[in-house]
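Protein sequences appear in the order of chains A and B.
With our numbering, the residue at position 33 of the first sequence is 61, and numbering never jumps.
With our numbering, the residue at position 203 of the second sequence is 231, and numbering never jumps.
Hints may be right or wrong, so weigh each one.
Copies of the same chain look alike in the list, so a pair counts if it fits in one copy or across any two.
Below are the DSS-like pairs computed for lysine-lysine, each with C-alpha atoms no more than 30 Å apart in a straight line [as the list claims (entries may be wrong)]: (1) K55 x K82; (2) K142 x K236; (3) K90 x K115; (4) K309 x K55; (5) K90 x K55.
These aren't lab readings, by the way, just hints derived from the structure by calculation.
2 protein chains.
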Amino acid sequence: MLIVQKYGGTSVGTLERIDEVAKRVIKTIEAGHNVVIVVSAMSGETNKLTEYAKYFTQTPQKREMDLLLSSGERVTSSLLAIALQSKGYKAVALTGRQAGIYTDEVHTGARIDKIDTKKINTYLQEGNIVVVAGFQGITNNGEVSTLGRGGSDLSAVAIAGSITADICEIYTDVDGIYTTDPRIEPKAKKLNKISYDEMLEFASLGAKVLQNRSVELAKKLNVNLITRSSFNENEGTLITKEENIMEKPLVSGIALDKNQARVTLRGVKDEPGIAAKIFNKLAHEHINVDMIIQNIGLDGVTNLGFTVPENELEETKKVMNKINASKIIDFDPNVVKVSVVGVGMKSHSGVASKAFDTLAKENINIQMISTSEIKVSMIVDEKYGELAVRSLHSAYNLDK
Amino acid sequence: MLIVQKYGGTSVGTLERIDEVAKRVIKTIEAGHNVVIVVSAMSGETNKLTEYAKYFTQTPQKREMDLLLSSGERVTSSLLAIALQSKGYKAVALTGRQAGIYTDEVHTGARIDKIDTKKINTYLQEGNIVVVAGFQGITNNGEVSTLGRGGSDLSAVAIAGSITADICEIYTDVDGIYTTDPRIEPKAKKLNKISYDEMLEFASLGAKVLQNRSVELAKKLNVNLITRSSFNENEGTLITKEENIMEKPLVSGIALDKNQARVTLRGVKDEPGIAAKIFNKLAHEHINVDMIIQNIGLDGVTNLGFTVPENELEETKKVMNKINASKIIDFDPNVVKVSVVGVGMKSHSGVASKAFDTLAKENINIQMISTSEIKVSMIVDEKYGELAVRSLHSAYNLDK
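All chains, please: the whole structure from these sequences, using the hints.
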């Protein structure tokens, strides 16, 4: 098989850890596979460099930040190649530029435009373990760019897609994707397989393992993504297209997103364009509105509710006060979003009603509801969040 | 004026120091000059990265070492550019590649082939302070290369030559070139000007400020080199072509090289080819022979003397024992080389005899003598080395 493996910051956080990674890579090679490795900077390194820049200014220019930050992954890729060579294996370290990763011109948050796989393929054909510095690329002008948060995952997925690798393994310090956060529900089980769409729901709902950008790219490029731990031999979770998942569980997991605040406008004039006005203004201020609920009004007025990330609530208040859309606005930061996710619910009814039943039995009031084909999300009081997760986890038999 | 300034590791050793460097650069800009800055890695950084690599192997592959080591200068160049930008100046950081520094393929000890100055010149014309990562370049294949010890000085000199800068200032933690080592002779005076050739004699004789490679390149490219301290405002020493030095002192300074060992072969057969045999063999083992003395022999045998760096003496012993050139070989690590250097001696006689007189008066026995147009070097017993320096310094009135 042709395998892309990506090792995150904690996985390469010390020289000892890099040595462990080298051993793991060699085990893959000895099993008969070809591998391309993508590495992050040693944990703490990117923060250190960012702090260095902030010594001079809180707003360093992004072109120079990219040059600065990209050095961290160059160090790890060189060291891992050296570690592999020292164990008698042919290895070569490549910068983002040398790996042919071309991006747009948006410094510190670039998007990958294309990957010129010539060099990677040549080195692979010559029997090398190819070690690529993640997180970075170059623009068409030859400027160094970086891909923003989760950038090394993106590098790995994009490379895997471009060289049509059989799998792309993302190594972190957690075992994979769980039916829910094991810190909330110790009975949470690791999932063997999950579809891209379910993963996207999980990620946006708070699972920290993978950024949505990477999952979206994997879906687009049809890359079989595996998240697993570099600290043990456990198997991890395969994220793949729905067709590859034979036995579709009704519900795959329960997600909890604590970074939510609810905004409710009472007595909004129920006339065309009022929602557009509010949400355009919020979008203009780069506030990420999540759930939006509007009911048909009575007597020409209606109630409008939506949620925003908790840390954007203050900014939201300012915007709302400015546009004066309603006399009575209720802001509540003490809410969480609990979501039931599963591709199986596409073909089964009753999933949503079971969720409502379950919370009702626990006397948890549901403030807002939003559904999609594969999830049911509910806004509840923060203090009931973990109880809601546990009772839903049990109601859908996820601990079995 | 168009000025190239190079700041060494201690000059950019901390964020505070980088800030000081930024202020100095701005002072130069405000005086109406255009500047290109070349920076080393923060002091200790290159050693740290080398130690990292040595965790895995004592002999890391050089291609990967170059990728690893080149990251240090990228960090400093980015940070200095950010510091300058934060003070309201237009600045841009360039890697060796972006600065157009092309080298041969010899990783970790590459030579600069050519500099494509297009990018540097464009950025200068746009009113930027151009900050270049020193020590590094790229090969024609697009591989990252580094220039070896003193590499950032070389980058600076090569850039200065290519853009025909008026001066190239090399900032370190010392004030410039002294008539001799001030730790040996506190009356040593800083030289205002010195010719390339004198500097070359000084450098090879132990002055640590500048590597010979940089001085040779400056001579070749006719770059006016100034070495000065980044820790004060003192003027430094201009190293320039002899024609630019109006008042040529008879003697510019006294150098002491402690890293010397003497080898004497007694009763060598005085026949053609014997010297060639010995020194070819030593060259083959990469032993740097310095002084060589051979007298016309008597009765078909002669004595042959030469010096090697003290740390290469053991290797030299092995070679000499193998070729068995003479029955009696005398190895003496306890010698030093004292040299009197000055372009003025080209046109004046009596400089050498004054040196011999001076040492004779101090009862210092001269074991070997070697002269060139601009220097007289003498091998003496190590314990008399500093006394010899002080007495010669005084004899030529260098303290006046």
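Hints and how they fare:
For the homomeric pair K55 and K82, the shortest alpha-carbon distance between copies (23 Å) is at most 30 Å, but the shortest distance inside one copy (41 Å) is not. Within a single copy, K142 and K236 get their C-alpha atoms as close as 27 Å, which meets the 30 Å cut-off; across copies the closest is 48 Å, which misses it. For the identical chains of this complex, K90 and K115 are inter-copy neighbours only, at 16 Å across copies versus 39 Å inside a copy, given an alpha-carbon limit of 30 Å. For the identical chains of this complex, K309 and K55 are neighbours neither inside a copy (54 Å) nor across copies (46 Å), given an alpha-carbon limit of 30 Å.
Proximity of K90 and K55 under a CA criterion of 30 Å is satisfied inter-copy only: 25 Å between copies versus 39 Å inside one chain copy.
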